[in-house]
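As you go down the protein sequences, you meet chains A and B in turn.
Residues in the first sequence are numbered from 1 upward in steps of one, following my numbering.
Residues in the second sequence are numbered from 1 upward in steps of one, following my numbering.
In short, the hints are calculated from the structure, not lab data.
We put the CB at the ideal spot given by N, CA and C, even for glycine.
Where hints are given, some of them may not hold.
[Unchecked claim] Here are some, though not all, of the chain A residues that point toward chain B, as calculated from beta-carbon distances under 7 Å: (1) Leu170; (2) Ala185; (3) Ser188; (4) Thr192; (5) Ile339; (6) Ala346; (7) Leu349; (8) Tyr350.
[Said to hold, decoys possible] Rough simulated footprint, nothing fancy, chain A against chain B, three-plus residues with beta-carbon under 8 Å: (9) 160-167; (10) 176-185; (11) 318-326.
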Amino acid sequence: MAENQPFPRPNWITIRPRLLPISWRLDRRTPAILGVLFIALAISLVMSVSYGEYNIAPLDVVRAVFGVETNDPNHILVVRSFRLPRILLSLLIGASLGASGAIMQGITRNDLADPGILGINTGAGVVVVAYVTFAAFPVNSLIPWLAFAGALATSALIYGLSWKAGSSTLRLILIGVGVASLGGAAISFLITRMQIDRAQQAYVWLTGSVYGSTWEEVQLMLTWLVVLLPITFLSARQLNTMGLGDELTIGLGLRLEVQRFVLIALSSALAAITVTVAGTIGFIGFVAPHIARRLVGPSHEGLLITTTVVGGLLMVISDLLARWVIAPSELPIGVTTAIIGAPYFAYLLYQRGR
Amino acid sequence: MTQASVASRNNQRLIGPAALLPVGLLAGVAILVLGLAVSITLGAAEIEVSTVFASIFQYDDTLFDHLIIRTVRLPRIIAGVIIGAALAVAGAIMQGLTANPLASPGILGINAGAAFAVVLGVFFLGSPPLLTYAFLAISGAGAAAVIVYTLGSVGRGGTTPVKLTLAGVIFSAFTAAFTTAILVLDRQTFDQIRFWTVGSIAGRDWELIAWMSPFIAIGTIGAMLMSRQITTISLGQDIAQGLGQNTTRVRAISAIMVILLAGASVGIAGPVGFVGLVIPHVVRAICGVDYRWIIPYSAVAGGILIVLADSIGRIILRPQEVPIGVMLAFVGAPFFIYLARWKVR
Chain A
1 MAENQPFPRP NWITIRPRLL PISWRLDRRT PAILGVLFIA LAISLVMSVS YGEYNIAPLD
61 VVRAVFGVET NDPNHILVVR SFRLPRILLS LLIGASLGAS GAIMQGITRN DLADPGILGI
121 NTGAGVVVVA YVTFAAFPVN SLIPWLAFAG ALATSALIYG LSWKAGSSTL RLILIGVGVA
181 SLGGAAISFL ITRMQIDRAQ QAYVWLTGSV YGSTWEEVQL MLTWLVVLLP ITFLSARQLN
241 TMGLGDELTI GLGLRLEVQR FVLIALSSAL AAITVTVAGT IGFIGFVAPH IARRLVGPSH
301 EGLLITTTVV GGLLMVISDL LARWVIAPSE LPIGVTTAII GAPYFAYLLY QRGR
Chain B
1 MTQASVASRN NQRLIGPAAL LPVGLLAGVA ILVLGLAVSI TLGAAEIEVS TVFASIFQYD
61 DTLFDHLIIR TVRLPRIIAG VIIGAALAVA GAIMQGLTAN PLASPGILGI NAGAAFAVVL
121 GVFFLGSPPL LTYAFLAISG AGAAAVIVYT LGSVGRGGTT PVKLTLAGVI FSAFTAAFTT
181 AILVLDRQTF DQIRFWTVGS IAGRDWELIA WMSPFIAIGT IGAMLMSRQI TTISLGQDIA
241 QGLGQNTTRV RAISAIMVIL LAGASVGIAG PVGFVGLVIP HVVRAICGVD YRWIIPYSAV
301 AGGILIVLAD SIGRIILRPQ EVPIGVMLAF VGAPFFIYLA RWKVR
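This is chain A alone, in the form it adopts within the complex (with noise of 0.2 Å):
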């Protein structure tokens, strides 16, 4: 846990414009890294674009992207009507999973958190799936508030439950565990009550698959992050300080309780609207913010953008690996995600004993 102090390292760039209230310290590698990282992203998109069915050329990938006529007519419509919108969905779906990870490791002081693990991915998707059961009919633009409505209760009482139990954060892992069982068990139920052709749209949706999707749900996607995201950035010095423990949190004069429920309800609707568009997908939520605490330290401000566009990297690369390994079918993406994740939780556990 002597990784998650915040303030140990003396570098530092200071960001305090006049005009905004806010005040950034962030770690002096934190620009050159989001660089690179940038860079990668860029590259992995371009390449990602460019593999399918048929190969593009990466070079016909920007020009298609941005338009311009090459020398195959059917380009620009492959690549923006049938890859981009996927592609770019599965990048702001990792930015915003990478995000509620880091958030909920920040509340619970605990690195093995994740909406996957936790059941709050499984808690949206039980409330979704029992209205898409039982209203007859079903509106899509109602989803992602039901989802986002599931996702809190399911923290709420993952915090409640864990709640008097003290500080074992490993414990906090288990009821998780146990709900998100729970969860699978009422959505399999609610299922099985389904119409058949409901049913089979909600398999594929719940084994987390961003296969057909659409402009809509990157508009959708992209509409809930343009407000999510920036608080979400701006909440960082809150969790350094929750870092500190309750008792010193209070003491420095935070309100613990409401900034605690802020940030659960932000971390829950992060979590919820990827429910949304593409199911359960797990761990990405948990490797995301790790790799970016190896990369720029573990204070807030710049963990947060870090992992943001670390776990849109990881989505984008996991969804590449998902369409390559077996091509020409494709596996779902939460099983990339599980065979990339579940040895590094693995690695964790080893690593800290307890």
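Dock chain B against the given chain A, drawing on the hints supplied.
Coordinates of chain B only, in the frame set by chain A:
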């Protein structure tokens, strides 16, 4: 000395006098038989209890009801009783050996390992003979036990209940991802074992049960023979060693029994969770801490739980059926949360 501590802990059990323990066990068997009889009558076609008995003792293959009972309902419910007993006994042994209230073949990933081995086998071999199936499931269970135990005990602090449990959960998630990958990759494998991978006792046939049962019988008898030693270990590693027990050998033999029991029951019904978790706790509340009684009680109670869950799953949503894995999770998951919240250290 252990006698004294056993006696004091026995005072908390539901069945006080030791002489009543065999009576309780017989009562359990009676409940199981009664439950079986009622369960067989339930289903798409209503069948009288008398017809059930007639079909067993005076089988007449010209009668449609007899045919249903013999080929559909009886194998299903017998499969249920067998795996219920096997998983409950396996869970009881695991909880005794690891001093971990959350230990059970489902949660520690043994079932997931066995299921993954079977999926791999079907993927590479097509339709292997049933004996191969059994060996696959059992070796998968064995590999999972070794991996999860290693993962849970390396690192600082040695084996703790929470670490072992998390290792099992993560191992399950990991193998589940690979299982899904194979099922997506290979439509034929998917069709063959789609229902099996979620844990189901519907549509089992006699041949499968006949191939798996010997392993479960060996596991159960072995567990009974080891029960005295398991009781001693459950009182603490130090006490067991102080009494001159070769604890390593006892653990190794008991682990083999667990692997046989869990592996073979996965071979029959796929990964069915929570029986091995819940039953030993209930049984300990009834009959105390002596594994000579815990093991047979667990076997009977595990059978009762499966029969109950299966019957309820068949009647609440008629004509549809709730898979037994789902029914058990509704009971088992809250129990798991309760244990994780209040009973682990």
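Annotated coverage of the stretch 160-167 of chain B by chain A, confirmed only when three residues or more have a Cβ within 8 Å: holds (count 6)
| Per the CB criterion, is tyrosine 350 of chain A less than 7 Å away from chain B? | At 4 Å from the nearest chain B Cβ, tyrosine 350 of chain A passes the 7 Å test, so the hint holds.
(message) Restraint: alanine 185 of chain A near chain B, CB-CB cut 7 Å. Satisfied or not?
(response) holds, 3 Å
- Query: Is the interface hint for isoleucine 339 of chain A satisfied, with its Cβ closer than 7 Å to some Cβ of chain B?
  - Reply: Holds - the Cβ of isoleucine 339 of chain A comes within 7 Å of chain B, reaching about 5 Å at its closest.
### Query
At a threshold of 7 Å, is the proposed contact between leucine 349 of chain A and chain B supported by beta-carbon distances?
Since chain B brings a Cβ to about 6 Å from leucine 349 of chain A, closer than 7 Å, the hint holds.
Tell me whether the statement that chain A covers the stretch 318-326 of chain B is true, taking a Cβ distance below 8 Å and needing three residues at minimum. holds (count 6)
- Minimum beta-carbon distance criterion (7 Å), alanine 346 of chain A to chain B: holds, 5 Å
**Request:** Go through the hint on serine 188 of chain A and say holds or violated, using the shortest Cβ distance to chain B against 7 Å.
**Result:** holds, 5 Å
Hint status (Cβ of threonine 192 of chain A to nearest Cβ of chain B, threshold 7 Å)
holds, 6 Å
Exercise for review: Would you check whether leucine 170 of chain A satisfies its interface hint, that is, whether its CB is within less than 7 Å of any CB in chain B?
Suggested key: OK, holds: leucine 170 of chain A within 7 Å of chain B, min 4 Å.
- Query: Are at least 3 residues of the stretch 176-185 of chain B within less than 8 Å of chain A when you compare beta carbons?
  - Reply: holds (count 7)
In this structure, none of the earlier numbered hints is contradicted; all agree with it.
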